[in-house]
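Engineer: Model the full structure from these sequences, guided by the hints.
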Amino acid sequence: MKWIEEHRIFSVITGIIVLLFLVILVSYLSAGGTTIVGRGMQKAMTVIEKPFAQVSSGVSDTLTGMVRYRSVKTENEQLKEENAKLERQNADLKLKKDELSELKKLAKSFDFQPYQGTADDAVAANVIELDYSSPYVIFTVDAGKEKGIKKDDVVCNGDGLVGRVQETGKGWSKIASVLSDGNNISFRTLRKGSITGVLKGNGKNKMTGYLLSSKARVVEGDTLITSGVGIYPKGIRIGKVDSVEFNDNTQLKMVTVKPAVTFRSMDKVAIFI
Amino acid sequence: MSLKATAILFAAATLFQMTLVDLISIAGQGPNLILCLTIALTFMFNSGYKAAPFAVICTLFLDVGTGQYIGVGAFTIFIVMGIILIVRKQLNVDNIKPLLAVGAIVTPVYGAIYWLIMHILGNPMSFWYILLHQPIYIAYNLAVIAILYYAMAGRLKVLKRRKDGYEYE
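Chain order of the listed sequences is A and B.
If you're matching positions, the first sequence starts at 368 in my numbering and goes up one per residue.
If you're matching positions, the second sequence starts at 549 in my numbering and goes up one per residue.
It is worth saying that the hints were derived from the structure and are not from the lab.
Since the structure is predicted, the reported quantities are computational estimates derived from the model, not experimental observations.
Keep in mind that a hint or two might mislead.
Claimed, not checked - Using C-beta positions, here's what the derived DEER-type ranges look like:
#: 1; chain 1: B; residue 1: Q616; chain 2: A; residue 2: V379; range: 24 to 30 Å
#: 2; chain 1: B; residue 1: L563; chain 2: A; residue 2: V439; range: 30 to 36 Å
#: 3; chain 1: A; residue 1: R435; chain 2: B; residue 2: L639; range: 43 to 49 Å
#: 4; chain 1: B; residue 1: L563; chain 2: A; residue 2: R437; range: 38 to 44 Å
#: 5; chain 1: A; residue 1: N443; chain 2: B; residue 2: Q616; range: 44 to 50 Å
#: 6; chain 1: A; residue 1: V385; chain 2: B; residue 2: Q616; range: 20 to 26 Å
#: 7; chain 1: A; residue 1: G425; chain 2: B; residue 2: S595; range: 39 to 45 Å
#: 8; chain 1: A; residue 1: M433; chain 2: B; residue 2: S573; range: 21 to 27 Å
#: 9; chain 1: A; residue 1: R437; chain 2: B; residue 2: A699; range: 36 to 42 Å
#: 10; chain 1: B; residue 1: I572; chain 2: A; residue 2: D459; range: 46 to 52 Å
#: 11; chain 1: A; residue 1: M433; chain 2: B; residue 2: D642; range: 38 to 44 Å
What the hints assert, rightly or not - Examples of chain B residues lying across from chain A (beta carbon under 10 Å, computed):
#: 12; residue: Y597
#: 13; residue: A600
#: 14; residue: V604
#: 15; residue: D611
#: 16; residue: Y617
#: 17; residue: I618
#: 18; residue: V620
#: 19; residue: F623
#: 20; residue: I627
#: 21; residue: L669
C-beta atoms are modelled at their ideal positions from N, C-alpha and C, and glycine is treated no differently.
Structural biologist: Below is the structure:
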């Protein structure tokens with residue numbers, strides 16, 4: 368102890384060195400790495416560092432923006448232009464996709480008898496004009512005489528019977544839909560071919576008609592197809608029975624039918640020439 | 549410089565070393581604030597040796613937080629401090645130029661000692677790698693030392709002595 372007192376500085380220095388040496392040795396023997404304390408400190412420092420980093424990043428971005436103002440502006444304009452171009456392309460693609468979907472749906476029209484496999488006899492047309500007082504009772508499409516369309520040609524889409532051509536000209540055709548009250552359609556049920564009747568539009572959004580036999584049993588939900596009598600070929604889906612009533616005055620079974628075609632979303636039709 | 553002020557300076561240096569230095573570092577290399585503070589205090593003040601415990605504790609603290617082995621940085625800074633204490637006796641401690649020269653020499657010496665201990669402990673880092681990075685460390689450290697010099701020069705107290713006229717505390 369006396370020696371230590373006499374050599375105080377030397378003793379302190381040696382003591383510190385030995386202590387640090389021991390710390391290193393223990394750390395080495397415990398395979399180094401970050402200790403639990405170290406990990407805790409790192410976590411705490413990360414929390415402290417975060418706001419500094421955010422401020423620093425903000426300052427750095429601002430300074431970079433100031434220094435590179437012209438190039439950033441040019442880059443920004445280029446990106447805006449590119450963005451506008453991509454948006455246009457996207458809109459085009461979306462339109463094409465919608466159109467493709469419509470056409471696919473329309474292609475189903477050709478599955479109806481007797482048109483199966485005779486797609487050459489059909490003309491696709493876009494709905495271009497509606498009579499808004501009674502939408503889709505009468506409407507106009509963009510194909511006409513130049514494509515061989517003539518009066519009373521049958522019009523369908525993927526869902527079923529749309530109507531018939533009422534009038535046609537060069538580049539246009541007026542279609543009287545199944546909702547038109549001047550459009551009589553002979554039908555039969557899909558479930559049983561012997562149950563037949565006649566339908567016509569009510570000028571609104573449904574069709575009404577009667578069964579030829581008052582004893583025929585038609586139920587709500589029955590699918591009706593064209594019978595082949597009249598201008599409409601056999602087998603085209605017309606719609607589903609919405610209600611059935613017996614009319615005491617006429618002694619006929621009256622039906623109300625919901626069309627198979629959703630007129631509101633109809634953009635394209637197929638006209639069988 | 550009082551022990552309280554020294555303690556505050558080292559605490560601030562430790563905090564900044566673990567937080568702000570990363571933000572101003574170039575390719576992962578930034579100033580070693582504790583080393584800079586140790587160099588400046590040890591060189592400028594006659595009582596600079598009193599900074600030793602703070603320097604060792606703070607470096608130990610950093611070792612715990614970020615070092616591969618605990619104690620290597622603390623041991624190195626203690627050795628470096630001893631070197632500065634020996635060297636300062638031969639130099640003009642009132643001038644910034646010798647301080648910067650010491651800073652420029654001590655920085656790679658610190659790196660070399662650190663590398664040597666780590667190498668003994670099995671770290672595969674090559675000495676050339678350490679040397680290649682020294683210019684940036686030296687530049688950073690000298691900038692910090694210069695700032696510390698101008699910030700602390702006013703705190704030097706002149707003790708009048710009959711023998712040679714004056715001396716700093």
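Engineer: Work down the list of hints and note, for each, if the structure agrees.
Structural biologist: Right, here's what the structure says about each hint:
1. B/Q616 to A/V379: 24 to 30 Å: 28 Å, holds
2. B/L563 to A/V439: 30 to 36 Å: 35 Å, holds
3. A/R435 to B/L639: 43 to 49 Å: 46 Å, holds
4. B/L563 to A/R437: 38 to 44 Å: 39 Å, holds
5. A/N443 to B/Q616: 44 to 50 Å: About 45 Å separates the Cβ atoms of A/N443 and B/Q616, which means 44 to 50 Å holds.
6. A/V385 to B/Q616: 20 to 26 Å: 22 Å, holds
7. A/G425 to B/S595: 39 to 45 Å: 42 Å, holds
8. A/M433 to B/S573: 21 to 27 Å: For A/M433 and B/S573 the Cβ distance comes to about 22 Å; the hint holds.
9. A/R437 to B/A699: 36 to 42 Å: About 39 Å separates the Cβ atoms of A/R437 and B/A699, which means 36 to 42 Å holds.
10. B/I572 to A/D459: 46 to 52 Å: At 49 Å between Cβs, range holds.
11. A/M433 to B/D642: 38 to 44 Å: About 42 Å separates the Cβ atoms of A/M433 and B/D642, which means 38 to 44 Å holds.
12. Y597: With a closest approach of 9 Å, the B/Y597 hint holds.
13. A600: 8 Å, holds
14. V604: Interface hint status for B/V604: holds (7 Å vs cutoff 10 Å).
15. D611: Constraint on B/D611 satisfied, holds at 8 Å.
16. Y617: 4 Å, holds
17. I618: It holds, given that the least Cβ distance between B/I618 and chain A is near 4 Å, below 10 Å.
18. V620: Status holds, d = 6 Å.
19. F623: With a closest approach of 4 Å, the B/F623 hint holds.
20. I627: Holds, because the Cβ-Cβ distance from B/I627 to chain A comes to roughly 8 Å (cut-off 10 Å).
21. L669: Interface hint status for B/L669: holds (5 Å vs cutoff 10 Å).
Checked against the numbered hints listed earlier, the structure breaks none of them; every hint is satisfied.
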